[in-house]
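Put together the whole structure using the sequences plus the hints.
Protein sequences appear in the order of chains W and Z. Under numbering that gives the first Met the number 0, think of the first position of the first sequence as 0, with each following residue one higher. Under numbering that gives the first Met the number 0, think of the first position of the second sequence as 0, with each following residue one higher.
Any given hint could turn out to be false.
For chains that are exact copies, the list does not tell them apart, and a pair is met inside one copy or across any two.
Subject to a maximum C-alpha distance of 25 angstroms in a straight line, what follows is the list of computed SDA-like cross-link-like pairs (lysine to any residue) [stated by the list, open to error]:
{"no.": "1", "residue 1": "K149", "residue 2": "H217"}
{"no.": "2", "residue 1": "K161", "residue 2": "R190"}
{"no.": "3", "residue 1": "K213", "residue 2": "G50"}
{"no.": "4", "residue 1": "K123", "residue 2": "E13"}
FYI, nobody ran anything at the bench for these hints, they're computed from the structure.
Residue-level listing of the chains:
Protein chains: 2
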Amino acid sequence: MERHARHFQDELDELKGRLLGMGGLAEERLRMAVRSLVDRDGRVVEAVLTGDAAINQLHIEMDDRCFKLLALQQPMAVDLRSIVAAVKINTDLERVGDLAVNIAEAVRRYLQHPPVKQLIDIPKMAELAQVMLRDSLDAYVRRDLGLAQKVLAQDDELDELKTRVFRDLLACMLRDAATIEPSLDLILISRHLERIGDHATNVAEDVIFMVSAKDVRHQ
Amino acid sequence: MERHARHFQDELDELKGRLLGMGGLAEERLRMAVRSLVDRDGRVVEAVLTGDAAINQLHIEMDDRCFKLLALQQPMAVDLRSIVAAVKINTDLERVGDLAVNIAEAVRRYLQHPPVKQLIDIPKMAELAQVMLRDSLDAYVRRDLGLAQKVLAQDDELDELKTRVFRDLLACMLRDAATIEPSLDLILISRHLERIGDHATNVAEDVIFMVSAKDVRHQ
Chain W
0 MERHARHFQD ELDELKGRLL GMGGLAEERL RMAVRSLVDR DGRVVEAVLT GDAAINQLHI
60 EMDDRCFKLL ALQQPMAVDL RSIVAAVKIN TDLERVGDLA VNIAEAVRRY LQHPPVKQLI
120 DIPKMAELAQ VMLRDSLDAY VRRDLGLAQK VLAQDDELDE LKTRVFRDLL ACMLRDAATI
180 EPSLDLILIS RHLERIGDHA TNVAEDVIFM VSAKDVRHQ
Chain Z
0 MERHARHFQD ELDELKGRLL GMGGLAEERL RMAVRSLVDR DGRVVEAVLT GDAAINQLHI
60 EMDDRCFKLL ALQQPMAVDL RSIVAAVKIN TDLERVGDLA VNIAEAVRRY LQHPPVKQLI
120 DIPKMAELAQ VMLRDSLDAY VRRDLGLAQK VLAQDDELDE LKTRVFRDLL ACMLRDAATI
180 EPSLDLILIS RHLERIGDHA TNVAEDVIFM VSAKDVRHQ
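Here's what the structure looks like:
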């Protein structure tokens, strides 16, 4: 392998590493937001609300890095696809970080009220969203089509959970007006979790395109 | 201008035209979704729910076109930035189309109940989201920094409207349990409109980066 090519491969590996780092941060913030809800811990809420500087910084750095690779290395085929995929995945991960903030905002309001029974299926939704996020990033790094497909299947499951959460909370609100405000916040939280699943799905679709050059969106 | 360069400029102009076409479709679908709510028109709801094939098709075509330009033309500087911006904007516009579907889904449920007073500030939110979307695309085509900045300012206004809508509907629900279900749908619709504003903001930020090579996100 000539020197230029080896240097470029190093840059691509570095890019993957950074993207994983960004994914780790996004996952950690999601985990904290959910923990603040389950443990009813206002300090963790505040930590999520004020702690997005690192992921935002990484978001800008990653874009810049992808941009320089596109401009200076003029990559082709799978390398080009993996850099364009990185630009998109970077956006998705930054949005996951934003959604962790949105969840924390809802939790902050939620904690001002007595709890609504056992949070229904929300912890289950959060668990699934986290697995999807992790799997989609592993699929990117290992270029694993099977794992990417698995993420797409899990999204249907997440969607079903969201529908069930909505139905259960609506029943709660209709039965007891005192639960209206906290139930509303739980519904919003379940929507944020659903969107995190959508972002993991985007990542999985980008992986499929990167590996196979096939566009599986809208099928 | 040599022949290759002229051909490339034609391709870039074609790309802009397609992106505008995609933007027009997204805007039209948003307009229909809002009209179905205001006019309480179930047929328009169904038209939105079943009519996303064109925008999805364009989404895939645009990505493919950007990809070929990156691979074959090896663009530099502002041209490279405008193609990467097109990839991102394409994603944002497709999401706006999805959000029109989400709005229509909520309208379908909403129409099963008697109306909640005068839809509060939702038509105003919809109007503002549409203006932001149109301005952000105009800013892309005209490379107009001032217009892009205007979109960023409007997003704060949209956010305030969303907060007011939420407060008003919560008061409604607490006052009269019969409004719980339709109010919930209106809250979800206002959140979808807020997200459309977020996508217009993304586009505006991409325009600023494209024109000035400055990253204004997270400021």
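- Violations among the numbered hints: Hint 4 alone not satisfied by this model.
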